[in-house]
Structures are given as structure tokens and as C-alpha cells.
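Asker: Hey, can you work out the whole structure from these sequences and the hints?
Chains as they are written, first to last, in this note's numbering: chain A, 269 to 472; chain B, 1312 to 1703; chain C, 3 to 835.
Treat the hints with caution; some may be incorrect.
[Stated by the list, open to error] With a cut-off of at most 30 Å between alpha-carbon atoms, the simulated BS3-like pairs for lysine-lysine come out as follows:
| # | chain 1 | residue 1 | chain 2 | residue 2 |
| --- | --- | --- | --- | --- |
| 1 | C | LYS774 | A | LYS355 |
| 2 | B | LYS1432 | C | LYS609 |
| 3 | C | LYS774 | B | LYS1480 |
| 4 | C | LYS820 | C | LYS710 |
| 5 | B | LYS1489 | B | LYS1538 |
| 6 | C | LYS609 | A | LYS456 |
Calculated directly from the structure, the hints in this document are not laboratory data.
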Amino acid sequence: MSQTEVNQARSLVYNLFSSLFAWEISEQRQKELTSPDAMVFWDMLAQDPNMARPVQILLATLTQMTTERQRLELAADFCGLFLVGDKNAASPYASLYLSDEDRPTIFGEQHHVMCDFLRQSQLQVQSDFKEPADHLAVMLAFMAQLCVTASDESQLAFLETCIDSWLAAFVDKVDTCDPGQFYSALAKMTLQWVRDDISALKQL
Amino acid sequence: MKWLINLWRTLNRPARYLTLGTISISAFIMGVVFWGGFNTALEATNTEQFCISCHTMKDTPYKELQETVHWSNRSGVRATCPDCHVPHNWTQKMGVKVAAAKDIYGEIFGVIDTPEKYEKKRLEMASRVWKQFDKTNSQTCKNCHDYKSMNWDKMSPLAVKQMKQAAEKDQSCIDCHKGIAHHLPDMGTSRAPELIAQVGHGVSPVDGQEYYSALTKELFEGPTGDKDAGLLNIATEVKVLETQGDRVKISIEGWRKRIGAGRVIYKDFGVNILTAQLTKEAAKHEGTIRVFEDKQDPMTGLTWQRVEVDIWTNKNYLLQNPDMLWSYAKDTYNTACSVCHTQPAPAHFDANTWPGMFQGMLAFVNMDQDTTALVQKYLQEHSSTFDKSGHH
Amino acid sequence: MTMNRRHFLKGLLSVSCVALGSTSVLKPLTAMAGTLSEPKEDWLVTGSHWGAFRINRKNGVIDKVLPFDTDKYPSDMINGIRGLVYNNSRARYPMVRLDYLLKGWDSDTTKRGDFRFVRVTWDQALELFIDALNTVQTQYGPSGLHAGQTGWRAVGQMHSCTSHMQRAVAMHGNFIKKVGDYSTGAGQVIMPYVLGSTEVYAQGTSWSLILEHTDTIVLWSNDPYKNLQVGWNTETHESYFYLAELKKKVKEGKIKVISIDPVVSKTQNYLENVEHQYVNPQTDVPLMLGIAHEMVKQGWHDADFIQGYSLGFDEFLKYLQGQSDGVEKTPEWASKICGISPERIRELAKVMTTGRVQMMMGWCVQRQQHGEQPYWMAAVLATMIGQIGLPGGGISYGHHYSGIGIPASGAAMPGAFPRNLDEGVKPIFDNNDFKGYSSVIPVARWIDSILEPGKVIDANGNKVTLPDIKMMVFSGCNPWNHHQNRNRMKEAYHKLKCVVTIDTNWNAGSRFSDIVLPACTTLERNDLDIYGAYANRGILAMHKMVEPLYESLSDFEIFTRFARKLGKEKEYTRGMNELQWLEYLYNGCKQANNGQFDMPDFASFWKAGYYDFGPGKPWVRHQAFREDPEINPLGTPSGLIEIYSRKIASYNYDDCPGHPTWMEKVERSHGGPGSKKHPIWLQSCHPDKRLHSQMCESDEFRATYTVKDREPCYLNAKDAKKRGIKNGDIVRVFNDRGQLLAGAVISSNFPEGVIRIQEGAWYSPVGKDGAKAGGWEIGALDSYGDPNTLTLDIGTSKLAQACSAYTCLVDYEKYTGKVPEVSGFSGPIEVSV
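Answerer: Dropping the structure here:
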């Protein structure tokens, strides 16, 4: 397997996580994520002992969700965690975790950092994703781009300074605030993936 | 033909003083005078090219036109100078042409050769144009915009209401649409222009009939002379007794409080709806105020007297009925008084409470004095004192 | 890379990308990328209640905010402006309460405030909104819908939120509306009977004339230095120039200022050398009566003025001297109630009848039970002094508000986007059958209405039948700030079937709603505003600084979409977009000023950002009346000052008789009713660092004044010591109506028996015992410090039926329980149903 192929695969995973933090699970998305191909993916992911438990929870939710009501409950979990504020919620913005200020707010310093990165890479946030650039989903999507365009050193630098620097704090917050289990499992899985990827990049 | 002589004198000045515009005009004059092709030359003057061949026209009104919908719109139809300013009817056309000569004179003699001078003259020039439109009943507008061809369904309800009223009377378009193609002149402090645009200047009163004042009107002691006798409030019913020249003698019925000089007349007993305020002299003048019975108002303890006043006023701004006034007042009230809050329905308060409520909010609205007086009177006359229909 | 990982990645490539993949949230940069434009310095202009600014952006984000060129006295609230846009409680997406989405009008309403929400699209949200309106109109008719509870909004003539909401909802059907407001509810009803105008919203005598002519200014429960920071329109802060001049004159001994107030005000501290006259809370009327008694006794009153300009002094005199009720209102009598010595009351009578005296009333004293009385009695005092209509004399009720006292330029101001339907437009449900209920109710009586529909109450000479309200729509108006008694509100909200809120934020109002529609702030849309609400100093462009955050929209856009769904878009917009409306409003103003002011065309104005009409000419309130009361009568029934109102007397109200009267309150501190149980008077005045509740959301700025994250409560040192409270402690303030936590600030400005918690603190309920969940419960603990958790929800009287927030007794203690995190300034706390 060539390094290019590896990077394509990594990119795919980053994009997957990005999308799960960006949007609620629609019926269509649920189908995609439980398709036979996807099940192969989840199985493979679950072979990592650290991933097994979160994958199991994620899949349990995805496969057992049969009614609109259940989907709405999951959407309400998403909403309460990521869309309404920073208390009793896990705001997915880097600025809120990395600021020196007492009262960091949305569109903080990390938003500007990410704007600069995106501009340098000739990228921008999709117009239907109306979130600040320091949203975890933007960062993960940017990382997905870096996987296939940037050097390992750059990838490592971005992962460590921009994502890993606050991801654990965010995951803790999700874990505390999640009324269900799906998003805390997703968060843990994402953290594990990022940590694994960092060590892999370091070993290269 | 004095203008022509003057023109010749100018043409005889050294060429370096002549602008391009005057050369074109001179060409026109030459054409008229020497080549005999009168109609041909006249047609030449009916083009936009001709109109803007003089600087003033090109720099000011032409430029202003270019900012408007008559210049640029989605249908691609453009109105040029002559489309609006030159009637098709030959007599009317000649009238315009002769009038236009004055502009040429102005251009040549530098009456309007700077923006400042142009602005100074703008009202005078605009008034002339408006008069022209009045005379032709805005025929040039109607060449394209025909009341009969208007599609009411595609207009906003507000526009429909106003347009239909205008259509019924085949009203001149310029009555309401002044400033549609060029900037409006400085109209100074002319009174309540929007109100007058809507209700008009009044009718020719007939003796013995009842009318309503379209503005707050000056009162006089006699059929002639400037002796001020006070003011008649807007939207007030009067009876015309006789006419002499520009004046009419009117009779006002009402009540007054027995305090002070007793020179303020109200609409009814115990109701503070202003009808007229007389000067002290007029109030004292023998025979002006006729006094009838007394009555005490239980709400204030004040004694009121029924009175009739015979007095003179100019015969303009008298309307046959107050509907247009109330309609204007209602629109103004609903618009101006809802900027900050929901406006209370007129019948929410009684006639004597409205002045206090209305005056207490006046700092927030823009109304000239006539409109203020009209809106207050509208609210009072439609208040719970008279409107017992609704529960508010 | 470990083999395991490589194995996984290799396997991954064999999986169809389509299954997992989703479109990235990123895309290639195009030239149109608005939010990623290169930073450039442009310092655009905008306005706000707090003043005008120039603002610079970076990466499509507001960077710096500076005071506008002409603002020489900017408020320090300028530091909160950025936080209005960037704060953690922003409403970001249209959302619906989950249970409402599932069950509609049968949803569980008992736990309002703590519900789970889900994000929906704008289309879905607006359809749900319209469905609810359909339901209310078909099942209950217009009396079931209250969309008339409106209040302060953000500035801007185009986007004024309540106008948009009411115009749009009126296209669907009719609804209940309010009359009056919370700020001046009693004043604006009583004063037309007495001085013939609301007075509270009337232009006042120019400050320059006051500085020139006045010998003594009596500030009566009035704090202009605090309150003039904000304005109904963009505030110019020119008033502060005059206050600075006043300070000089006070220092030089040329003007004497007396502040009659239970507390030492910000104005007093600023002006220095002010004579402070303490008075027991809610006892201004006895003090005024004592002063009046002394004036009459000494013959200091102006009998000629009373005779020529007023009615009913004799009837009043019978009360003052005790003939009518057997109690002579002597300074000794007054002293026992108001806590001021008889000698001092006599001295005040002397001072107020010596030289030129300008009385300046604040609004606080009329926000109490019988709030009509102090205003009426003050007018009687001013009539007795006899200087009404003289420059620098008489009485005013608004010199602390929106720049009243700055001479008006006389220019016509721009109009606004219409609140009402255009002529001829009919609602879809064209039904005016209110089923015998009143269609207009006094503003502060809506909770009564929900709780006791059908009850008939007296109000200003009329009978009002309280309607049976099932659905409410609020826009830019948070009732969970301005109304009294939170726990009673919760009870009422259980009865509401549907609540729709259009707001910029997740304040308590949004959290207690079923459908929440996110509006953008003023800085995210184009508008224009009047510069100086009364000064009419100029017109200000309000340039859009940044694109609307998240999926928030301007009020105009929200209701254009709403109207489109009703098939009435054109009737709503008149076929004009935002900028066309601005040009239309501007041109209307230009035309109205033609001949008076040479205003540039719209494009030039928009580029310059400002047009200045220049200063106005000084003016004297009531001067015309004084000069000729016959020709220029007041708007009272008689046209004269009514010391005794036969009209009010004719209503036969026990709580508002025909002349100003002292009546005991249901709760009064300093020995009054209820003071044994709860000895402390709660003063919930207008805040110093907000406009009502606006700007509380500005996180960074809020942190500059909070104490341990809580709203400060200002305490007297002795009271605090008695309760073992030190500066910075968390205090539990309580009475039988509710409880809240606030942060102790001990200050010598506050006398014994008084606590100040400024209104506008965002209600942030948590469980009774401080537990995170349970904010929905009746009796919940407010974790931030909203004083209306504790206030009394009764009308001032049968006349005004206004709010009585200042009739409120509490007690407080050091809080020793579990300290909850402040629950406000964020989304709802979820509880499962």
C-alpha cells in the first residue's frame, strides 16, 4: 500500500468525523453509515481495542434507530451539545478551549488562525455550513485536505497545535453533557483516532 | 419678440463668449428665420440631442433624469426630454416652445449658468413646468401611462386606493408625482404640501352651503383688508353666508368656555375639539360672537356658552366633505404613530383625553402644524366620545 | 505506523467511499468568499442605543469599536458592543422544542424553560409558526393570540423588530395588543389628566436655559448621569456636556442641586457637592404633602398662578389641611412616615419656594403601587411654586431620558418600515370577533389575563375583560426580563399552548418558548437611524459590519419569508429590498426637509455615513401655556393644570381618588406593612451597564461588573454585617415569591433597609436547592440575580394598571448552599420529558 493510498484513507476518516460533528444524522445518512460497506469499515475500526467500545455504541444507535422520534431524540442531543451555547453543552469551537481570556466567546482567536490557514490553502467554509472556522468539523475537514496535500511534518504540526491541543477537553465536555451515548462515543473515537494518527506520523 | 432682439445682440458678441449650446441655438434660430423650414426646425428641437445641447440642461436636469426609472428600467423603454415636455397637440406644443425660449434666454444670459444659480431658479422653472402639466392634465404622462390600461391587480392595495381615486377624476399625474424625473426644487416652508396634494385646494364655495377647512385658515374681520381676526382650525365645518371677491363670510357654531376673553371656540359643549381662535379684538367686536345658553361641565366645573360666530376668510381651501382629510389623517396617524409602538385605536380614548396623549408623544413624530392639528382633530372626532361601537 | 493501523487503512480503501463519505464542509476559495476577504481598514459607521460608533473588521469579524466622531462623552458600554455579536448565548439556528415538534398543541408545557430543542430549517420553522397561527385562529379566534407585547428593540428605522413581527402576523390574522409600557406605565396615564400630556415622553426645557436661569434643581428619585447613557434612538450623549457644565456651576455655588432619593445616585457622586435628602422608600407623597402644608401655612405658595392656571386647589386644600379626612398633613405627620425631620421638611418648603426652582422627576417613583400619586403631587408642588412655563423653572418628568433637554434641530426625521398593514390589505383570517374579550389590555396585565381569563378589571375609566390567551409571539422583547414575579409567570406559561420567540439570543424568553427563530443583531444588517431621539441631531447610516452569524436573519428577511409562505410577500415588502427601503426612507426625509436642510442624495449620505442637522434652539416647556392659557391650553379636560380631577373622581376608584393622596402600600419597608417579616426594600432600577436586559449577554463586558459571576446586589454595610456578609460573598435574596443569588457589593450609597439589584439581569433558574436541573420548577433558585424573581405583580391602581415593581420587600442572607453554575447566557438545560 503506497503512502498516497494511506493518506487517502486517512483523509476519508477525517472527513467522516468532520461530517458527524457538522450535521445531525438524517435518515439518508443513517442508511449510508449502516450500509454493508460501512459495516466493513466499522468492523475494521473496532479491531483497535480502544475503539471497540465506542464503535459498538455508535453502531447500536445507528442500527436501532427506526423511528423518526428516535432520530429526533438524537438530533436533540446534537442540538443541546453543539448548537446552543457553552454551558451544559460542548461548544465545538477551539477558541473557547484555547483562550487565555476569562470569558472566551465565539469567533475568537482560533477562528482567525483557521481563516488564515484556509486562505493560504485556497479553501473556504461551505456557504451552507454557517459556523466559525474554528469549529471542530472545519478543522477535521482541513486535516482531511492536509492528508492528501501536505507534508507529514505539516500534518503533524497542525494536528498537534490546532486539534490535539483542545480535543481532550472538548471530549470530556461532551462526555459530561451528552444526554445520550452516541456523541460521547463519537468524541472518544475521534480523540483516539487523532492520538493514533499523531503517533503514526511521529514514527514515520 | 424682445427675446429675439436680445438674442441677436448676444449672437453678435465675440464668438469666444459663446458656448456650444448657444451656437446650437443660434443654428436653430438661423434655421427658423432664414431657411424658412419652420416645421423642420421645430422637429429638430423635439429631440433630446437638441435639449441637451446647452450645458445647463445637460449637467443638471438631464443628469437627474438618468438617476430615475424613466431613464433606466427593466423594460428598456426610455423617456427622453420631449416625451414628457412637448405635447403632441400643436397648440399646446407651441405654448411650450414659446415658454422654452425663456430657458434659452436664461442660458445665454447666464441666469442659470452655475449650479447655485440653477437651484435658485429651480422652483420658478419647475412651477412653470408644473403649470404646463396642469394645463394639459399631464397629457404627456398619459401618452404612456393610461388610467384605463392600469392593471389594479398588480399594484399594492395602497397604490390601488390612491390611483383609483385619481383615475375617477382623471387627475393630473403631476399633482402627486412631482419630482419623478428631476430633483424637487426647494419649496420653502409651503404648508403641508403632501396634505394639499391629496385633498386639493378646495372648491368654489356656494352661498348657503356647508364646507370643511382644508388647512388652518386665517380669519378676517371684513371682506377686504388685512385685519387679522384669528384662525379657523383645520377640518372644521363652516357655513358660507356670502361671497365677496376672494373672501367668504362664514358662520361657525360652537361652544366656548367662560374664561379669559372667551375667544376660543370649541366644537361642542364640554368637548375640547378646537374650532377657531379669535383675536381679542375680534372677540370683543360687536356682533361677531352671538352668545346663547350657559351650561356647566360636570367634568371640570367650568361654565360653557353656546356661540355663533360670523366672520370672513379667504374662499380657498374649503372642501365639500371631510372624508379626504380624515383619510389623510388616518394614514398619517397609522404610519407616524406606529414607529415606536402599536398606535391606540382612535376610539381607545375620549375626545378630551386625546390632546394629552397625542401631545405627549409629539416629540417622536414629524408633522407640520397643519397636519398635527388635523391628526389631533381626527383622533378626537373618532374618539370614544363619538364612536360607541367598539369595546376597546 | 503499526501494522494494525496500516492494515486498517488498507482495508478502508476497499470500502466504497460513497458509503462513508459526505461532502466536505470546505470548498475551494472563490473570489466571492465574503467572510474571508483580506482585512482592510474601513471604519464603517453604525448606531445603537448606546451611541454611534466607527467599527473595523478583520477576517469578516468585528475587530475594534471606537466612538463616533461627534460623541465626546461615550458611555463605557461601548466596551460591550462587540459582545452583542459574539457571545455564547447567540441564537444560531431556527429551533423547535422537541416535545412541541412531536405533539404540537398537546405538548407538555409544565417544564418550560428546561426543554430539549432540535434544529430545523427556516422553512420548517416558519411552517410550524404558521401552523400554530392557523390553529389559534381556527380554534380560538383573535382573542387567543397575543402578539402585542412589545418593548425596547434594537435601533434602526428599517429593521425595528416589533414592527416587522406585527405587520407580518397581522397579514395572517388579528390579535391582542397592549397599551402603555413598563417604564412609565403610571406616569403616562396620570399626567394627561394633570398637565395635559404624558410628560414622561415630552421634550423638556433646554439644559442651557436651566444652567442660565435655575437657582435650585431638585432631582427627585432621578439619576440622569446613569440613565442618559442610553437612548430610544442612537444616543448623542450631548447631555453630558450640560451635566459637566452643571458640575462646574454647582462647584462655584451658582446652582444648588438637591437629590431627594433613598440612595446616593450616580449623578450625585458625579456632580459632587449635591445636597442629598434621604427619604424612606415609597413615602415621597407624605414628604411632598408635608412640604405643601408648610408652603400654605407660610403663604409661600403662588396663589396667583394657582388661580390663573389651575383648577381644584380648594378641594386639595381640604385634604391637605385635614378637613376632608381628619388628618392634617403637617410636616410632623409626614415625618413619621417619610423619616425626615419636620424641621427639614419646613426647610425644603422654603428652599423650593426661593429663587428659580426646576424639579426633575425620575421614573422610579411611579413604578410602585399608587405610582400615579407622587407624579400628580409633584405637579401640585410645582404649581404651588408657580414657575411652570418659566425658563429654568417648573417641573419635568424626562430630563434623564434619551437626551431630553437637548434642543431639537427642528429637522424632519426619516420614517420607518410600517408596523401596520397597508391600506386595503386584509388578513387571511379576517376575523374581528374577540368573543367579548378586550382586544387591548394594559401592558402589565397579560399574566393576569392568562391566569384569569374573563375577569373584568378597571383601567383608566374603562372596563377591560381579560382575554383567554393561548399563544404568544414575541420579537426582540424578553418578557422574562420586564415582567414581575417569575414564579407566577411560570404558572401562567403552563397554560400557554404555543410561544414563538424571535430573538438574537437564548435568553430566558427564548428558553421558555416552543419555536425560536434567530434574528441577527444590528451590526449584521443595513439600516439607518435617528441620531438623538429628541435632539434630532442627524441621520446616521448603520452599515452592515458582518454577515449574519450562523443562520440568523434580519427581521425583514425573516418576515419576508414568512409573508411569502402566506402568499403575501409583495404586500409585505412593497416590492422593495433592504437597501431600496433605506433609500426610500432617506428620500422621504430629504423631501420633508427640503428648503430647510440641503441633504445630499442617498448614495452620498450612505458613503459618508452621517448627515448633521446641527444644533437646535433652546426651548421652554409650557412657556406657551404660561403666556396665554386660553389660546395654548393644556391637554387636560379643562385646559388648565388639574390639581383636582373631576374626571378621575368620577371613576370612583378607591386607589386613585380625585386629588393626590397618600395611601399605604401592601408592602413597605422602614416600619410599613410586611417589614417585620421581610425588612429590606428591593430597588430594581434601570441598570448602569445595560439597556434593560440588552447587553447582559455581552460576556466579556458582563464580567467587568459581576461578582463571582452573579449580578451585583448593593448592600448597606450595617445590614450586611448583621447578616455576616462581606464584599464578594454570594447572597441569597428572598421573599415569599421567590429567591435569587447575587454577589454582594457593600456600598455607602445605600441606606439601611435598602438593597439594589438592577433590572435586566438575565433570569437563570436552577433547582430550588441549587441543583443544575429544576429551573422549570416553581420556587426555583435564580442563579444569576434577576430582581423580578422577587417583585410583586399587581397593578399600580385601577387607573393605570401599570407595573408596581418598586413595591417589593425582601430579606437576604449569606448563601451557604451548593453554589450552582450560572445557568443563563447559554441554551436551555435539557431535561427529558
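Asker: What are the numbers of the hints the structure violates, in ascending order?
Answerer: 3, 5, 6
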